[in-house]
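Given the coordinates of chain A, work out where chain B should sit on it, guided by the hints.
Residue numbers (this note's numbering), protein chains in the order written: chain A, 2 to 203; chain B, 4 to 192.
Simulated from the structure, these hints should not be mistaken for lab results.
Heads up, a few of these hints could be off.
Pulled a few chain A residues facing chain B out of the computed Cβ check, cut under 10 Å [said to hold, decoys possible]:
#1 Gln9
#2 Glu10
#3 Ala61
With a straight-line Cα cutoff of 27 Å, these simulated BS3-like cross-link-like pairs (lysine-lysine) come out [to be verified]:
#4 A/Lys56 to B/Lys183
#5 B/Lys174 to A/Lys46
#6 A/Lys74 to B/Lys42
#7 A/Lys74 to B/Lys67
#8 A/Lys77 to B/Lys186
#9 A/Lys70 to B/Lys41
#10 A/Lys6 to B/Lys186
#11 B/Lys174 to A/Lys56
#12 B/Lys189 to A/Lys7
#13 A/Lys6 to B/Lys189
#14 A/Lys7 to B/Lys174
#15 A/Lys56 to B/Lys23
#16 A/Lys74 to B/Lys76
#17 B/Lys76 to A/Lys56
#18 B/Lys41 to A/Lys78
#19 A/Lys46 to B/Lys144
#20 A/Lys25 to B/Lys174
#21 B/Lys26 to A/Lys70
#22 B/Lys168 to A/Lys7
#23 A/Lys56 to B/Lys41
#24 B/Lys186 to A/Lys46
#25 A/Lys7 to B/Lys160
#26 B/Lys168 to A/Lys6
#27 B/Lys38 to B/Lys26
#28 A/Lys25 to B/Lys160
#29 A/Lys78 to B/Lys42
#30 B/Lys26 to A/Lys74
#31 B/Lys186 to A/Lys56
#32 A/Lys77 to B/Lys41
#33 A/Lys78 to B/Lys73
#34 B/Lys143 to A/Lys46
Positions of the beta carbon are idealized from the N, C-alpha and C atoms, including for glycine.
Take a look at the letters that make up each chain.
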Amino acid sequence: MKECKKYQELLSEYLTGELSSEFKEKLDQHLVTCPYCQAELQELKATFEILEQEKKSAPAITELDFLVKVRTKIDKKQTSSVSPVFQPKWLGFSLAGVLVILLAWSLFRVDISHLTKKGTADTKTPPYDYLGQTGQNETALSEYELSQLLTPETEESLDRLYLQVAEDYYQKEDLVTVLADFSQSDFKILENRIKNINLNIK
Amino acid sequence: MSNFIDKKMVPDSDLELIEKFQKGEQHAFNQLVLKYQKKVYDLVYRMIRNNQDALDLAQEVFVKAYYNLKDFKRESAFYTWLYRIALNLSINHTRQKKLRQMVSFFELEDSLPAKNNPAQELEQNQISSAIDQAILTLPKKQRSVFVLRYYDQLPYKQISEVLGKTEGALKASYFQAIKKLQKKLKLYR
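Excised from the complex, chain A in its bound form (with noise of 0.2 Å):
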């Protein structure tokens, strides 16, 4: 019976094909003459295929959703916390930054060479179709605001992010990597920028 209970720790490394080729040839040696085991072995695969029914993946995460609540988390944190040990400027990453961030990728998308030719902007044809507003001068970005908004950095950031989200969103459906790899400075300047062109379209 002791022997019995040594040899039952193994089977379920016997069932999933992991025992040492020593081990096993023990293990069938065993069941061949022990009934005890046998029905053990039958009652352990049974188990085992009860489990796999339920062994679907875990419900799926929204990742960026996720850091983003991480992020808040610790922003919160840290806001009631009397003296952090680090002293981290997080870089403004909320939700609603993500989104105005997502929000001017599709804008930029749409013309970003037409908005960077200051002054060239036709506003009776896209790209102000986003607006809503084709065709209308007076509610359309002027000048000024188009020159203040994309500085060169400004365009340098959103064309790095064109390209990162063209090449890694669509071909590794994984943006939120694209997204993590922003320096700090780097967001903060696209976020600003952004942040002001929304309001604009505002």
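This is chain B only, laid out in the frame that chain A set:
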């Protein structure tokens, strides 16, 4: 752009990211979250068997990691350290929840309808629920070993690093866990 691509093709190791974070580079921590969030969430979900609580708790794991990463000694792998936090939080959570709800598997057993219930979907839900309860009623060590071994399929050596027990003790715990699940799920066989 080329720098960016190079960096992406050879991602930083955990230790490099930790080092960067310890020097104040916040985005390095983001990368650790992105890398491990799914694994941590899955682990917590398997331990506590509740989706919404698992999400909150998995986020708490990273918040705790954020504040304790400065003390990370590099004596173990980062994921080992992170898993330990996740398991501890999960066990505490279950303990608190148990106190609130007074989960009793025996009550569940008593309330089980006849096995030949014609509604297959209902039966499937009952199986899931029974598995949840059976796992939740395992003692904490056995539950941790079972989740790491059965769901995460970690080798005993790695589980040993996470839980700080010998491989022999872990094998015995896993065996005990299986025996208990076997007993509690016998109605569904």
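Legend entry - Enumerated hints in conflict with the structure, sorted upward: Hint check: 8, 15 and 17 fail, others pass.
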